[in-house]
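Novice: Going line by line, the protein sequences match chains Y and X. Numbering follows the numbering used here, in which position 44 of the first sequence is assigned residue number 44; successive positions increment by one, without gaps. Numbering follows the numbering used here, in which position 102 of the second sequence is assigned residue number 102; successive positions increment by one, without gaps.
Everything labelled a hint here was simulated from the structure, so no lab data went into it. Hints may be right or wrong, so weigh each one.
[To be verified] Calculated lysine to aspartate or glutamate pairs in the EDC-like style (CA-CA distance at most 20 angstroms, straight line):
no., chain 1, residue 1, chain 2, residue 2
1, X, Lys155, X, Glu212
2, X, Lys87, Y, Asp158
3, X, Lys172, X, Glu31
4, X, Lys87, Y, Glu197
5, X, Lys176, X, Asp203
6, X, Lys21, X, Glu6
[To be verified] Simulated restraints, written as ranges between beta carbons of each label pair:
no., chain 1, residue 1, chain 2, residue 2, range
7, X, Gly16, Y, Asp241, 50 to 56 angstroms
8, Y, Pro148, X, Gln135, 56 to 62 angstroms
9, Y, Ile104, X, Arg227, 45 to 51 angstroms
10, Y, Phe301, X, Arg75, 43 to 49 angstroms
11, X, Ser137, Y, Trp286, 29 to 35 angstroms
We put the beta carbon where it would ideally sit given N, CA and C, even for glycine.
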Amino acid sequence: MLDALPYRLATIAVLVALFAIPLVVHDDYYLHLFIVSGIFAAAVVGLDLIVGYVGQLSLAHAAFFAMGAYTSALLFIRLHWSMWLGLPAAALLVGVVAIVLGSIILRTRGHRFIIITVVFAELMRLVATNWVDMTRGFMGLPGLVVPPLVLPGIGAIDLTSKSRFYYVVLVAAIVAFVICRVIVRSSIGRKFVLIRENEPLAESLGISAFRYSMIAFAVGAAIAGAAGSLYAHYVGFVSPDLFNFSYVTIMLIMVILGGKGTLVGPALGAVIFTFLPEFLREASHWRMITFAAILIAATLFMPKGIVFPLLTHLLPRERRLRNARAA
Amino acid sequence: MPALLEGHRLAVRFGGVAALKGVDLAVDAGEVLSVIGPNGAGKTTLFNVITGRVRPAAGAVLFDGEPIHRLAPFRIALLGVVRTFQKTEVFGPLRLIDGVAAGALARNDPNPLARASEALSTVGLDRKAHLSAQQLSYGDQRLLEIAQALAAKPKVLLLDEPASGMNHHESKRIMKLIVELRARGLAMILVEHNMHVVMSISDRVIVINYGEKIAEGRPDHVRNDARVIEAYLGVPQAADARAR
């Protein structure tokens, strides 16, 4: 569906616009929001693999994000590893943790799966809070920095300004998106969808639901870990607050209201639901109530997410009719 | 020489209830074996054991002489033992072609969509390949289930009540399809309540009641077996009512 020429052009236009943002936006506050959006966009396209494609509601994703942040922070503080080493290490470690957790819980589905992911997230929060010797507990780990980018022949490029770190995040989000897109468009991704639509049937035809759920779960977790590492070094500080339930809530809002099972939807959702609460600051006392009202309205009127109505209005008419007939 | 698929002394217990008590069966390539018996006799449980959804408490399932009763369902399917379900199972919102491709994708077939369209034309749904499964009539969904199974390249196909709820015309279509698949050398095990279907296309019939095999043989032989008449068919009028 997204191979048609108009979509190629739209993709190029979006990419140009994304790269041009720091040239147009000079306000650090808005750049900050774009950076946070980008970090969350990376994390939630990973979450979309498991929630949107395989169809399992994981509430452990924010914990994976936080574990990535802690891994990278601890490697920096204890071993003086820069973010360039800490980020892949965080992705790897969190991916391995997801494989271990997944080998236990991916044999279950539905309520049991959801509950175990919550328990896991809570357990990790307790570890971060109580393993004071390692994590400094509630005091958190301060003093994280963004390392310069050393390129052979050019030298060290300082990335500490927001307009430069924006590009680090943008590249990371694009890499995460491309990884997920390659997976979902491959035969692996088609198996994800078959498992989502009817797991017992997919199994009876020779598809291992366990194996493919594991791929989605582990890749999604590794991406969340990498995103967490970026977040830690950007903010410069990690604390057990990262494990708060509000993070997983906002990530699921991004995925589901963005349009689960599309990758583009959750990425767009990350931008919208990072900016929206900030814009609502104008409403002061009414801020959270307004935000909640918008979420409820979106759930009621756009049950498939924001991106579907957008796509259907942009699609050429005959294609739209064909899709409507197939839906 | 052993048969393609054999069940030896298969026993299953659910809590205190014995669902199967030492059932034997064998089916070979190009053969249709029907399993009949009253509701709750253990027919679907037998399918669940053969396809790995239920582990037998005792006994063994051999495919090509190798035991398969400890394998996961998807591995058994990959070996070539594929089933359909009593309650229709399809990939609701997906296009037929994408859902039917599942079995070919599972086998890492280089061209799953081509396999899917072959399977769809075998059952006569090729012209509806781009509709979604939930747009089909019930009868077509039952055919779709067979197409899904065929794309998984079965050697043994287990059909769980393929003609249930079908009108006369639709069940004739299913019978024609089964006969055609048998001619291709497929081994089939059929669970079916429609006696007309069972008696016309089966090579052999086994009858189970309360988890035990009470008769086995050619359809006409089984039809006249006193124990079968007593346990399952009852008086002729009741048999007609059930067969409908």
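Novice: Hint by hint, say whether it matches the structure.
Specialist: Going through the hints against the structure:
1. X:Lys155 with X:Glu212: violated, 26 angstroms
2. X:Lys87 with Y:Asp158: violated, 63 angstroms
3. X:Lys172 with X:Glu31: Holds: X:Lys172 and X:Glu31 sit about 19 angstroms apart, inside 20 angstroms.
4. X:Lys87 with Y:Glu197: Cα-Cα ~16 angstroms, so holds.
5. X:Lys176 with X:Asp203: holds, 15 angstroms
6. X:Lys21 with X:Glu6: holds, 16 angstroms
7. X:Gly16 with Y:Asp241: 50 to 56 angstroms: holds, 53 angstroms
8. Y:Pro148 with X:Gln135: 56 to 62 angstroms: With Cβ atoms ~58 angstroms apart, the hint holds.
9. Y:Ile104 with X:Arg227: 45 to 51 angstroms: Roughly 49 angstroms apart at Cβ, these two residues keep to the hinted range, so it holds.
10. Y:Phe301 with X:Arg75: 43 to 49 angstroms: holds, 45 angstroms
11. X:Ser137 with Y:Trp286: 29 to 35 angstroms: violated, 52 angstroms
Checked against the numbered hints above, the structure violates hints 1, 2 and 11; every other hint is satisfied.
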